[in-house]
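A.B. asks: Sequence:
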Amino acid sequence: MRPNEKIASELDFGHYEWENKLKFIENYKFSISMEQQFTNKSLYNGTQEMISAGDLRKGTTFEQDGQVYTVVDFLHVKPGKGAAFVRTKLRNVITGAVTETTFNPTAKLQEAVIERKEMQYLYSDGQLYYFMDQETFEQIPLEYEKVQDAIKFLKENMFAIIKFYKGEAFSVEAPNFVELQVTHTEPGVKGNTATNVLKPATVETGAVVSVPIFVNEGETIRIDTRTGEYMERV
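Quick note on numbering: the sequence shown equals residues 1 to 234 in UniProt numbering.
Hints may be right or wrong, so weigh each one.
[As the list claims (entries may be wrong)] With a straight-line Cα cutoff of 25 angstroms, these simulated BS3-like cross-link-like pairs (lysine-lysine) come out:
(1) 152 with 199
(2) 166 with 108
(3) 58 with 108
(4) 199 with 89
(5) 117 with 58
(6) 155 with 58
(7) 166 with 58
(8) 117 with 155
(9) 78 with 117
[To be verified] Derived CB-CB ranges, DEER-like:
(10) 226 with 65: 14 to 20 angstroms
(11) 49 with 220: 36 to 42 angstroms
(12) 200 with 234: 18 to 24 angstroms
(13) 113 with 148: 20 to 26 angstroms
(14) 81 with 49: 29 to 35 angstroms
Honestly, the hints are just simulated from the structure, not real lab data.
C-beta: ideal position from N, C-alpha, C; glycine also.
Construct the entire structure; sequences and hints are all you get.
C.D. replies: Here's what the structure looks like:
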């Protein structure tokens with residue numbers, strides 16, 4: 001029995017297919033071991049640590065001035081004159097408000113302790129997106145603002161990681177890689193296998209991805225959800 005199969009066999013996934021179990025295990029690689037992730041099911045960062053502003057990345061969550069923020073976007077800026085800085089777009093986990101803030105790269109920030117829980121995306125109803133807890137089967141609705149970065153890559157019944165802060169869900173993390181069918185793109189050029197010439201393609205979830213010109217409608221492609229980039233045909 002291969003390692004991933006052994007881990008999956010120890011989990012209570014109910015009636016879900018082995019293929020979905022193994023894909024979920026393959027996609028989620030966190031800093032703790034695979035056995036720890038799926039034995040605990042609820043994943044914590046552990047004790048709070050200080051992080052440098054220069055290490056901020058999308059999805060990083062930290063506390064500042066009594067508020068909790070998650071990084072929506074960031075950019076390291078090195079001007080010709082003056083000191084380097086980090087320009088960030090932050091979403092307040094509590095209020096949902098989005099602000100832009102700059103930091104000195106050496107500034108220290110207190111990383112927030114958050115919970116990560118495996119849940120299954122079920123369906124959408126208007127501006128609400130429903131996810132189901134795999135242990136309790138409880139369903140929770142999340143507003144578009146909380147799922148917008150991930151939902152464009154999620155099909156119904158896919159697994160995702162929901163992030164919680166003090167019991168309140170505030171963000172969704174899609175698997176690192178997903179396989180989606182192309183529903184619309186301009187016809188490819190027969191015999192042209194160039195990978196450096198790109199064209200837009202719409203996949204079944206509505207996301208638009210730049211793909212090589214040889215990719216055609218109906219084909220399935222692998223996408224890196226962290227960058228939104230095409231990886232390969234499958």
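A.B. asks: Now, for every hint given, state plainly whether the structure supports it.
C.D. replies: These are the hints, each one checked on the structure:
Annotation: proposed proximity of residue 152 to residue 199 holds, straight-line Cα distance about 19 angstroms (limit 25 angstroms). The suggested pairing of residue 166 with residue 108 holds, with an alpha-carbon distance near 22 angstroms, which does not exceed 25 angstroms. Using a Cα cut-off of 25 angstroms, the hinted pair residue 58 and residue 108 holds, with the two alpha carbons roughly 17 angstroms apart. Note on residue 199 and residue 89: the hinted pairing is violated, with a Cα-Cα distance of about 29 angstroms set against a maximum of 25 angstroms.
For the hint pairing residue 117 with residue 58, the CA-to-CA distance comes to about 18 angstroms; that is within 25 angstroms, so the pair holds. With a CA separation close to 22 angstroms, the supplied pair residue 155 and residue 58 stays within the 25 angstroms bound. Simply put, residue 166 and residue 58 have alpha-carbon atoms about 20 angstroms apart, close enough for the 25 angstroms limit, and the pair holds. Straight-line distance between C-alpha atoms of residue 117 and residue 155 comes to about 18 angstroms, which keeps the hinted pair within the 25 angstroms bound.
Between residue 78 and residue 117 the alpha-carbon distance is near 37 angstroms, which puts this suggested pair outside the 25 angstroms criterion. At about 29 angstroms, the beta-carbon gap between residue 226 and residue 65 misses the expected band of 14 to 20 angstroms. The supplied range of 36 to 42 angstroms is met by residue 49 and residue 220, whose beta-carbon atoms lie about 40 angstroms from each other. Here the CB-CB span from residue 200 to residue 234 is close to 19 angstroms, well matched to the stated 18 to 24 angstroms.
Restraint check, residue 113 to residue 148: a C-beta distance of roughly 24 angstroms satisfies the suggested window 20 to 26 angstroms. At about 34 angstroms, the CB distance of residue 81 to residue 49 agrees with the hint of 29 to 35 angstroms.
The structure fails to meet hints 4, 9, 10 from the earlier list, while all remaining hints are met.
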